[in-house]
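Asks: Protein sequence lines, in the order shown, are assigned to chains R and W.
If you want this note's numbering, it's the position in the first sequence, counting the first as 1, plus 302.
If you want this note's numbering, it's the position in the second sequence, counting the first as 1, plus 358.
To be clear, the hints were calculated from the coordinates, so they are not data collected in a lab.
All C-beta atoms in this analysis are idealised placements derived from N, C-alpha and C, irrespective of residue type, glycine included.
Treat the hints with care, as some may be off.
What the hints assert, rightly or not - Straight-line alpha carbon distances no greater than 25 Å define the calculated DSS-like cross-link-like pairs of lysine-lysine that follow:
(1) W:K382 / W:K420
(2) W:K421 / W:K382
(3) R:K304 / W:K375
(4) R:K304 / R:K327
(5) R:K304 / W:K420
(6) W:K447 / W:K472
Unchecked claim - Derived Cβ-Cβ restraints for the label pairs, each shown as a range:
(7) R:G388 / W:T387: 15 to 25 Å
(8) R:D401 / W:N456: 46 to 56 Å
(9) W:G422 / R:D425: 35 to 45 Å
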Amino acid sequence: MKYAILVNEGPYTHQAADTAYQFAKAALNKGHEIYRIFFYHSGVNNGTRFTSPPQDDRDLVQGWSHMAQENNIDMVVCVAAAQRRGIIDKDEANRHGKDCDNLAPGFRISGLGQLIEAAIQSDRLMVFGD
Amino acid sequence: MSEDMFEDDEYQGDIKKFMYVNRKAPYGTIYALESLEVVLIGAAFDQDVSLVFMDDGVYQLKKGQDTKATEMKNFSPTYRALEMYDVEKLYVSQDSMNERGLTEEDLIVPVELKSADQLAELMEQQDVILSF
Chain R
303 MKYAILVNEG PYTHQAADTA YQFAKAALNK GHEIYRIFFY HSGVNNGTRF TSPPQDDRDL
363 VQGWSHMAQE NNIDMVVCVA AAQRRGIIDK DEANRHGKDC DNLAPGFRIS GLGQLIEAAI
423 QSDRLMVFGD
Chain W
359 MSEDMFEDDE YQGDIKKFMY VNRKAPYGTI YALESLEVVL IGAAFDQDVS LVFMDDGVYQ
419 LKKGQDTKAT EMKNFSPTYR ALEMYDVEKL YVSQDSMNER GLTEEDLIVP VELKSADQLA
479 ELMEQQDVIL SF
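Pulled out of the complex, with its shape left as it was, chain R reads as follows (with noise of 0.2 Å):
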């Protein structure tokens, strides 16, 4: 089966986010196919590298950067909702005159266009939230 995700909530808050790095990982081991995650509300909290949690707890957010590497999955923040909560890249810094970016590896900012381009592509969109 294609899958389109979406995560709406931001890690280390909702078990939202947990839960669909789990069901992900699950679906790839079970064969399927992940058309695209992408990334909405506190779900853009994701995306920042600069998460760092206490050593015996999981980091989530280097969980998703290695996934997306590993399986070449397409991983994409909204930038409407990364811009008002300070998750940015490198040509957004700069439009914005910010003095660094913050997105991790494995992860893009685009519009929400890609989520419902995602969802009329995938057969099953998820949706992982409050």
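Model the placement of chain W on the given structure of chain R, informed by the hints.
Replies: Chain W only, in chain R's frame:
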């Protein structure tokens, strides 16, 4: 622009049934505002779109919202513009309205009131359900 040209520009791919389920109060959290942003962007894809308002989500359509004192933007007029985006199927939970003492006259746009069973049936018919 001639009508023929306009026809040629229309999206030719498969049309899916998209339902947006709005469950949260308009203020207090950002879900309602950001959900509306998805609906507006999604309208450009010419899909078969419907919106459901249930639980505290019915307050999103309440007339007379005044947000000045909280310094929040009152985005409720945007729901009146949905018609221009060809988003015309607005379903509201009759149960959620009753629980809150609201009637259709309290809402800023025309809607169709639906029972829980009718909403379940509509959800069953969808290809994509986005719940906010």
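Asks: What are the numbers of the hints that this structure violates, sorted from low to high?
Replies: Number 5 only.
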